[in-house]
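Engineer: Sequence:
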Amino acid sequence: MSDSCRFMGQSEDGKGIELHIFKYIISVFVMKSQELDRDSQDKLNVLLNDMKLFADLIISAHSD
Numbered sequence: 097m098s099d100s101c102r103f104m105g106q107s108e109d110g111k112g113i114e115l116h117i118f119k120y121i122i123s124v125f126v127m128k129s130q131e132l133d134r135d136s137q138d139k140l141n142v143l144l145n146d147m148k149l150f151a152d153l154i155i156s157a158h159s160d
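Sequence positions in the sequence shown follow the numbering used here and run 97 to 160.
There is no bait here: all hints are sound.
In the DSS-like style, the derived pairs of lysine-lysine whose C-alpha atoms are separated by at most 25 Å in a straight line are:
1) Lys111 - Lys139
2) Lys148 - Lys119
3) Lys128 - Lys139
4) Lys128 - Lys111
5) Lys119 - Lys139
6) Lys128 - Lys148
Computed Cβ-Cβ distance ranges for the label pairs, DEER-style:
7) Ala157 - Ser107: 38 to 48 Å
8) Asp135 - Gly110: 12 to 22 Å
9) Asp152 - Glu108: 36 to 46 Å
10) Gly110 - His158: 34 to 44 Å
11) Ala157 - Asp109: 38 to 48 Å
Rather than coming from a laboratory, the hints here were simulated on the basis of the structure. Don't be surprised by glycine CBs; every beta carbon is placed ideally from N, CA and C.
Generate coordinates for the entire structure from the input sequences, incorporating the hints supplied.
Structural biologist: Below, the structure is given as structure tokens:
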């Protein structure tokens, strides 16, 4: 069983939404056009990775 997940949706005009939930405690909602430039996609990936790490830190701090 996973403790993180991602939900995605797309409208007919190509706009999309993504909901990322990390460790059941932090969520990131992203609204974007279908095609992102490389720099924007890289920044989004960094943000999502940072949020995942932050959620891991919160869980481990409360588990100790």
